[in-house]
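Engineer: Residue-level listing of the chains:
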Amino acid sequence: MNSASKEGYSLGEIVANFGGELIGDADILIKQAAPLSTATAEHISFLANPKYRWQLGNCKAGAVIMNITERHATDLPRILSDNPYAYFAKVSALLNPTRAEAPGVHSTTVIEQAAIIPGSATIGAFTFVGARVKIGENVVIGPGCYLGDDVVIGDDSRLYPQVVVYHNCLIGKRVILHSGVVVGADGFGLAQENGCWIKVPQIGRVTIGNDVEVGANTTVDRGALDDTVIEDGVKLDNQIQIAHNVHIGAHTAMAGCVGVAGSARIGRHCTVGGGAVILGHLEIADRVNVSAGTLITKSIAKPGEYTSVMPFSSHSEWLRNAAHLRHLDKLAKKLGEMEKKIAELERKKQ
Amino acid sequence: MNSASKEGYSLGEIVANFGGELIGDADILIKQAAPLSTATAEHISFLANPKYRWQLGNCKAGAVIMNITERHATDLPRILSDNPYAYFAKVSALLNPTRAEAPGVHSTTVIEQAAIIPGSATIGAFTFVGARVKIGENVVIGPGCYLGDDVVIGDDSRLYPQVVVYHNCLIGKRVILHSGVVVGADGFGLAQENGCWIKVPQIGRVTIGNDVEVGANTTVDRGALDDTVIEDGVKLDNQIQIAHNVHIGAHTAMAGCVGVAGSARIGRHCTVGGGAVILGHLEIADRVNVSAGTLITKSIAKPGEYTSVMPFSSHSEWLRNAAHLRHLDKLAKKLGEMEKKIAELERKKQ
Amino acid sequence: MNSASKEGYSLGEIVANFGGELIGDADILIKQAAPLSTATAEHISFLANPKYRWQLGNCKAGAVIMNITERHATDLPRILSDNPYAYFAKVSALLNPTRAEAPGVHSTTVIEQAAIIPGSATIGAFTFVGARVKIGENVVIGPGCYLGDDVVIGDDSRLYPQVVVYHNCLIGKRVILHSGVVVGADGFGLAQENGCWIKVPQIGRVTIGNDVEVGANTTVDRGALDDTVIEDGVKLDNQIQIAHNVHIGAHTAMAGCVGVAGSARIGRHCTVGGGAVILGHLEIADRVNVSAGTLITKSIAKPGEYTSVMPFSSHSEWLRNAAHLRHLDKLAKKLGEMEKKIAELERKKQ
Numbered sequence: 000m001n002s003a004s005k006e007g008y009s010l011g012e013i014v015a016n017f018g019g020e021l022i023g024d025a026d027i028l029i030k031q032a033a034p035l036s037t038a039t040a041e042h043i044s045f046l047a048n049p050k051y052r053w054q055l056g057n058c059k060a061g062a063v064i065m066n067i068t069e070r071h072a073t074d075l076p077r078i079l080s081d082n083p084y085a086y087f088a089k090v091s092a093l094l095n096p097t098r099a100e101a102p103g104v105h106s107t108t109v110i111e112q113a114a115i116i117p118g119s120a121t122i123g124a125f126t127f128v129g130a131r132v133k134i135g136e137n138v139v140i141g142p143g144c145y146l147g148d149d150v151v152i153g154d155d156s157r158l159y160p161q162v163v164v165y166h167n168c169l170i171g172k173r174v175i176l177h178s179g180v181v182v183g184a185d186g187f188g189l190a191q192e193n194g195c196w197i198k199v200p201q202i203g204r205v206t207i208g209n210d211v212e213v214g215a216n217t218t219v220d221r222g223a224l225d226d227t228v229i230e231d232g233v234k235l236d237n238q239i240q241i242a243h244n245v246h247i248g249a250h251t252a253m254a255g256c257v258g259v260a261g262s263a264r265i266g267r268h269c270t271v272g273g274g275a276v277i278l279g280h281l282e283i284a285d286r287v288n289v290s291a292g293t294l295i296t297k298s299i300a301k302p303g304e305y306t307s308v309m310p311f312s313s314h315s316e317w318l319r320n321a322a323h324l325r326h327l328d329k330l331a332k333k334l335g336e337m338e339k340k341i342a343e344l345e346r347k348k349q
Numbered sequence: 000m001n002s003a004s005k006e007g008y009s010l011g012e013i014v015a016n017f018g019g020e021l022i023g024d025a026d027i028l029i030k031q032a033a034p035l036s037t038a039t040a041e042h043i044s045f046l047a048n049p050k051y052r053w054q055l056g057n058c059k060a061g062a063v064i065m066n067i068t069e070r071h072a073t074d075l076p077r078i079l080s081d082n083p084y085a086y087f088a089k090v091s092a093l094l095n096p097t098r099a100e101a102p103g104v105h106s107t108t109v110i111e112q113a114a115i116i117p118g119s120a121t122i123g124a125f126t127f128v129g130a131r132v133k134i135g136e137n138v139v140i141g142p143g144c145y146l147g148d149d150v151v152i153g154d155d156s157r158l159y160p161q162v163v164v165y166h167n168c169l170i171g172k173r174v175i176l177h178s179g180v181v182v183g184a185d186g187f188g189l190a191q192e193n194g195c196w197i198k199v200p201q202i203g204r205v206t207i208g209n210d211v212e213v214g215a216n217t218t219v220d221r222g223a224l225d226d227t228v229i230e231d232g233v234k235l236d237n238q239i240q241i242a243h244n245v246h247i248g249a250h251t252a253m254a255g256c257v258g259v260a261g262s263a264r265i266g267r268h269c270t271v272g273g274g275a276v277i278l279g280h281l282e283i284a285d286r287v288n289v290s291a292g293t294l295i296t297k298s299i300a301k302p303g304e305y306t307s308v309m310p311f312s313s314h315s316e317w318l319r320n321a322a323h324l325r326h327l328d329k330l331a332k333k334l335g336e337m338e339k340k341i342a343e344l345e346r347k348k349q
Numbered sequence: 000m001n002s003a004s005k006e007g008y009s010l011g012e013i014v015a016n017f018g019g020e021l022i023g024d025a026d027i028l029i030k031q032a033a034p035l036s037t038a039t040a041e042h043i044s045f046l047a048n049p050k051y052r053w054q055l056g057n058c059k060a061g062a063v064i065m066n067i068t069e070r071h072a073t074d075l076p077r078i079l080s081d082n083p084y085a086y087f088a089k090v091s092a093l094l095n096p097t098r099a100e101a102p103g104v105h106s107t108t109v110i111e112q113a114a115i116i117p118g119s120a121t122i123g124a125f126t127f128v129g130a131r132v133k134i135g136e137n138v139v140i141g142p143g144c145y146l147g148d149d150v151v152i153g154d155d156s157r158l159y160p161q162v163v164v165y166h167n168c169l170i171g172k173r174v175i176l177h178s179g180v181v182v183g184a185d186g187f188g189l190a191q192e193n194g195c196w197i198k199v200p201q202i203g204r205v206t207i208g209n210d211v212e213v214g215a216n217t218t219v220d221r222g223a224l225d226d227t228v229i230e231d232g233v234k235l236d237n238q239i240q241i242a243h244n245v246h247i248g249a250h251t252a253m254a255g256c257v258g259v260a261g262s263a264r265i266g267r268h269c270t271v272g273g274g275a276v277i278l279g280h281l282e283i284a285d286r287v288n289v290s291a292g293t294l295i296t297k298s299i300a301k302p303g304e305y306t307s308v309m310p311f312s313s314h315s316e317w318l319r320n321a322a323h324l325r326h327l328d329k330l331a332k333k334l335g336e337m338e339k340k341i342a343e344l345e346r347k348k349q
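Read top to bottom, the protein sequences are chains A, B and C. Just so you know, we're using numbering that gives the first Met the number 0 here: the first sequence kicks off at 0 and counts up by one. Just so you know, we're using numbering that gives the first Met the number 0 here: the second sequence kicks off at 0 and counts up by one. Just so you know, we're using numbering that gives the first Met the number 0 here: the third sequence kicks off at 0 and counts up by one.
Among the hints, a few may not be true.
As the list claims (entries may be wrong) - Quick list of in silico lysine-lysine cross-link-like pairs, DSSO-like style, CA-CA up to 27 Å: (1) C/K198 - A/K50; (2) A/K329 - C/K59; (3) C/K329 - A/K339; (4) B/K333 - B/K348; (5) C/K333 - B/K339; (6) A/K347 - C/K347; (7) A/K347 - C/K50; (8) C/K329 - B/K198; (9) B/K348 - A/K339; (10) B/K301 - C/K50; (11) A/K30 - A/K59; (12) C/K333 - B/K347; (13) A/K340 - B/K329; (14) B/K340 - C/K333; (15) B/K301 - B/K329; (16) B/K340 - A/K340; (17) B/K339 - C/K340; (18) A/K333 - B/K339; (19) C/K50 - A/K333; (20) A/K333 - C/K59; (21) B/K340 - B/K329; (22) B/K347 - B/K333; (23) A/K198 - B/K59; (24) C/K339 - B/K332; (25) A/K340 - C/K340; (26) B/K347 - B/K332; (27) A/K332 - A/K347; (28) C/K59 - B/K297; (29) C/K339 - A/K332; (30) A/K133 - A/K172; (31) A/K339 - A/K329.
I should point out that these hints are in silico values taken from the structure, not numbers from a laboratory.
Please model the entire structure based on the sequences and the hints provided.
Structural biologist: Dropping the structure here:
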């Protein structure tokens with residue numbers, strides 16, 4: 000766990016910043032965030048899920064952020080909020096500001112002609128900045144990054160070490176790209192001729208909106224002819240593959256290892272669970288939730304949760320059941336025949 | 000979208016290059032490729048799938064590449080071909096030549112002893128070239144790459160920034176490796192002893208044929224004893240894992256997020272859909288198509304399409320159906336018993 | 000295949016090192032390991048799986064390591080062991096020692112203040128070593144790596160080129176991290192407020208025990224508040240995603256493309272097959288084996304093998320069967336009704 004970056008903040012200061020109802024001493028000094036189970040007097044913790052209410056019993060936190068409905072669940076100093084987890088996120092961000100970097104361009108950086116780098120930006124060692132790249136105010140580019148020609152990075156964005164952005168791609172403001180992210184590699188565009196594959200040039204770009212975060216080793220391919228588009232506020236976890244010409248609507252979030260095939264159009268405020276795969280050339284409405292491990296093979300027009308998961312079981316039980324999966328059609332036909340025979344028997348009966 | 004690299008080509012020049020039947024003015028100048036929906040007078044577009052024929056209605060393209068059978072589908076200038084998508088790929092490649100790089104070795108490059116780098120090659124900044132590496136004519140190695148000792152890169156190949164090729168691996172001619180690709184890391188070879196894992200040295204190589212393209216962040220492990228082999232013309236999308244001693248036949252293509260386990264032997268002219276997994280030590284015939292999200296657990300001896308997908312549905316519907324998946328065996332047994340009872344009833348009837 | 004690094008070892012020396020019963024001439028000189036099918040007189044091979052016993056017929060190996068029970072299966076010189084594959088792993092490691100690197104820090108390396116690098120360590124070109132980093136004895140860090148502030152790397156560990164370790168993470172002794180590995184990127188921690196996502200600072204670390212190996216392009220996220228923990232002897236293949244606060248017990252091994260969601264707690268001596276996904280906030284007992292492609296949605300309290308795989312078939316057969324998967328509930332209900340009718344018919348019969 001990190002130690003806090005400064006002297007800390009009093010509960011009074013916290014409530015002055017973020018609102019909520021404080022029950023307890025406003026002078027209590029909070030230095031860091033911690034879970035209920037390990038927090039001590041200088042920590043602030045949170046209770047967002049009633050399932051963990053029992054942990055309040057032994058909790059030694061300096062204060063707990065909790066729902067208004069939990070007002071009487073503890074005697075500890077507490078801040079009541081109608082969204083305790085979001086409140087906690089803000090307090091933790093206050094206690095743990097992004098690691099500051101001294102502005103400036105490292106002496107080893109290679110900068111091609113006509114690149115624009117403001118004095119407030121930080122460019123790490125061994126980073127390559129292509130021709131005509133335009134970097135915004137307060138941008139931090141870690142060591143070992145590559146920005147192709149004509150890339151634009153919006154204000155206050157941060158690229159962790161070893162991010163690659165191919166030529167012409169646009170990154171918005173306050174964007175976070177984690178290490179190993181590759182933005183703008185060629186989409187998988189192939190035509191077939193005489194049994195061989197011919198590469199279709201990928202001349203679109205990737206445009207990434209504001210407030211987007213992309214996890215480590217995730218890839219977002221450039222468009223074939225038009226652009227691949229990631230709208231504002233989208234959050235992508237690690238190891239995700241976004242193919243060419245995909246369009247992801249604002250504030251959609253995807254967990255690790257998701258794959259989205261070419262030209263899929265995904266709505267706003269969607270969530271996609273880990274390991275899910277979304278096929279190409281389909282449309283998914285706003286506010287659709289795709290369960291982990293689910294394969295989406297057709298467009299979805301209505302909000303709601305969608306699932307295609309085979310339940311797991313012990314291998315021996317699975318063996319017994321799985322055998323029938325290959326014969327469901329026969330089984331269903333047999334059922335139909337039996338139904339007829341029963342009807343016949345019933346008819347004769349009367 | 001990119002602007003074109005030169006003055007453009009007339010339809011006459013295009014047909015002179017690639018054949019096909021031109022209907023319209025041979026002097027029309029084409030500067031760039033674009034989709035039917037956004038093309039203007041200086042663009043060439045294509046119609047490969049009759050499903051999009053309606054888009055011809057409002058199309059403003061300077062010309063359209065289309066199937067001979069679509070001859071009368073538009074009055075626009077058009078080139079008729081029996082493979083319009085492959086034709087389009089070639090025209091787009093003509094209009095969008097690979098970005099040229101000035102040959103030469105960047106001053107920051109580190110080159111170990113006895114490496115061979117011809118004058119026609121380009122080596123980017125911060126790239127490490129191991130001992131005895133042999134680089135072919137016109138090869139372009141992007142910034143931040145790593146080539147281990149004794150690596151060979153064939154003529155006209157291109158490594159985008161931050162590609163890693165471990166020692167001894169062989170890369171063919173006209174190969175494209177996108178950023179984040181790792182070729183030749185150790186395969187997952189482990190022996191068990193007293194509950195602990197002992198590493199089995201991975202002393203094979205990876206050999207990659209000619210005209211192979213490998214997408215961003217894909218990994219191809221070196222062989223345990225023999226080599227891992229990727230034959231000519233294979234196309235791998237992003238985020239794919241190819242384990243040790245896999246053999247992929249010529250002109251096979253795999254979409255994103257596919258995993259192929261150790262010693263699997265995959266035929267020629269196969270396709271593997273996104274997120275599919277192919278288990279190890281099995282053989283897949285030529286011209287097999289594996290559907291997206293499918294798990295291949297046994298060898299496949301016959302060409303054709305293979306699938307193992309659970310259809311998705313709304314979560315509530317899924318819940319109702321999935322419950323029975325764990326009890327298919329009981330259900331099938333019950334069916335058998337009922338069948339006997341019906342036979343018994345029918346027997347008594349007579 | 001690699002050539003051996005030195006003159007080789009006699010069978011006598013090998014048995015003196017690792018035990019086992021030698022049948023044959025102790026002076027036979029072995030220079031390299033090879034499979035049964037391609038081994039020649041200077042190679043040692045192994046037979047671990049009786050399935051491959053037939054390959055002994057044409058085998059030309061200088062010696063074969065095999066199970067005691069196979070004593071009479073060949074006339075070739077042989078070493079009998081009760082664990083031939085582990086024995087082979089050790090012999091191969093003797094014949095193929097890790098590639099030695101001359102100790103020292105490359106002139107291009109950037110080292111921040113107060114980093115500790117012993118004289119026995121090797122730091123490659125273009126590597127960035129953050130402030131107060133502590134590197135152990137005989138550590139080899141490849142070119143192009145990034146170590147954030149306060150990272151600790153234990154003795155005898157090896158980071159291949161282009162590994163990223165974020166600040167504060169701890170790496171044990173004899174750890175191997177392959178190229179493209181990212182340790183300690185932010186976990187996917189998000190709170191929702193008014194339809195937007197708020198980032199929850201990720202202030203935990205990653206701690207990796209001793210003797211861990213992590214494959215190419217695998218990612219291990221830092222903890223949200225507490226740490227993400229990888230215990231001793233864990234082996235992770237390529238392209239794996241380990242989310243924040245996951246805990247992986249000692250000597251557990253995971254194959255390629257596995258995803259483990261946040262706060263999952265996985266026991267010791269488990270194995271997880273390729274492409275499997277383990278959901279978050281659940282517990283998996285020691286000695287659990289998860290099959291390839293399986294989705295684990297609930298805690299598992301008992302050792303054993305667990306599976307959730309839809310068997311693959313030809314696409315046309317799949318189409319026929321899959322249609323019924325969406326109607327299993329109706330099918331089961333119909334079965335129930337038929338059962339009642341049969342009972343009624345039988346009752347009337349009597």
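Engineer: Each hint should be assessed against the structure and marked as holding or not.
Structural biologist: Now the hints, each set against the structure:
{"no.": "1", "hint": "C/K198 - A/K50", "result": "23 Å, holds"}
{"no.": "2", "hint": "A/K329 - C/K59", "result": "52 Å, violated"}
{"no.": "3", "hint": "C/K329 - A/K339", "result": "17 Å, holds"}
{"no.": "4", "hint": "B/K333 - B/K348", "result": "22 Å, holds"}
{"no.": "5", "hint": "C/K333 - B/K339", "result": "17 Å, holds"}
{"no.": "6", "hint": "A/K347 - C/K347", "result": "12 Å, holds"}
{"no.": "7", "hint": "A/K347 - C/K50", "result": "60 Å, violated"}
{"no.": "8", "hint": "C/K329 - B/K198", "result": "52 Å, violated"}
{"no.": "9", "hint": "B/K348 - A/K339", "result": "15 Å, holds"}
{"no.": "10", "hint": "B/K301 - C/K50", "result": "24 Å, holds"}
{"no.": "11", "hint": "A/K30 - A/K59", "result": "14 Å, holds"}
{"no.": "12", "hint": "C/K333 - B/K347", "result": "25 Å, holds"}
{"no.": "13", "hint": "A/K340 - B/K329", "result": "22 Å, holds"}
{"no.": "14", "hint": "B/K340 - C/K333", "result": "16 Å, holds"}
{"no.": "15", "hint": "B/K301 - B/K329", "result": "33 Å, violated"}
{"no.": "16", "hint": "B/K340 - A/K340", "result": "11 Å, holds"}
{"no.": "17", "hint": "B/K339 - C/K340", "result": "14 Å, holds"}
{"no.": "18", "hint": "A/K333 - B/K339", "result": "12 Å, holds"}
{"no.": "19", "hint": "C/K50 - A/K333", "result": "40 Å, violated"}
{"no.": "20", "hint": "A/K333 - C/K59", "result": "57 Å, violated"}
{"no.": "21", "hint": "B/K340 - B/K329", "result": "17 Å, holds"}
{"no.": "22", "hint": "B/K347 - B/K333", "result": "21 Å, holds"}
{"no.": "23", "hint": "A/K198 - B/K59", "result": "26 Å, holds"}
{"no.": "24", "hint": "C/K339 - B/K332", "result": "16 Å, holds"}
{"no.": "25", "hint": "A/K340 - C/K340", "result": "11 Å, holds"}
{"no.": "26", "hint": "B/K347 - B/K332", "result": "23 Å, holds"}
{"no.": "27", "hint": "A/K332 - A/K347", "result": "23 Å, holds"}
{"no.": "28", "hint": "C/K59 - B/K297", "result": "31 Å, violated"}
{"no.": "29", "hint": "C/K339 - A/K332", "result": "19 Å, holds"}
{"no.": "30", "hint": "A/K133 - A/K172", "result": "12 Å, holds"}
{"no.": "31", "hint": "A/K339 - A/K329", "result": "16 Å, holds"}
The structure fails hints 2, 7, 8, 15, 19, 20 and 28 (numbered hints given earlier, in ascending order).
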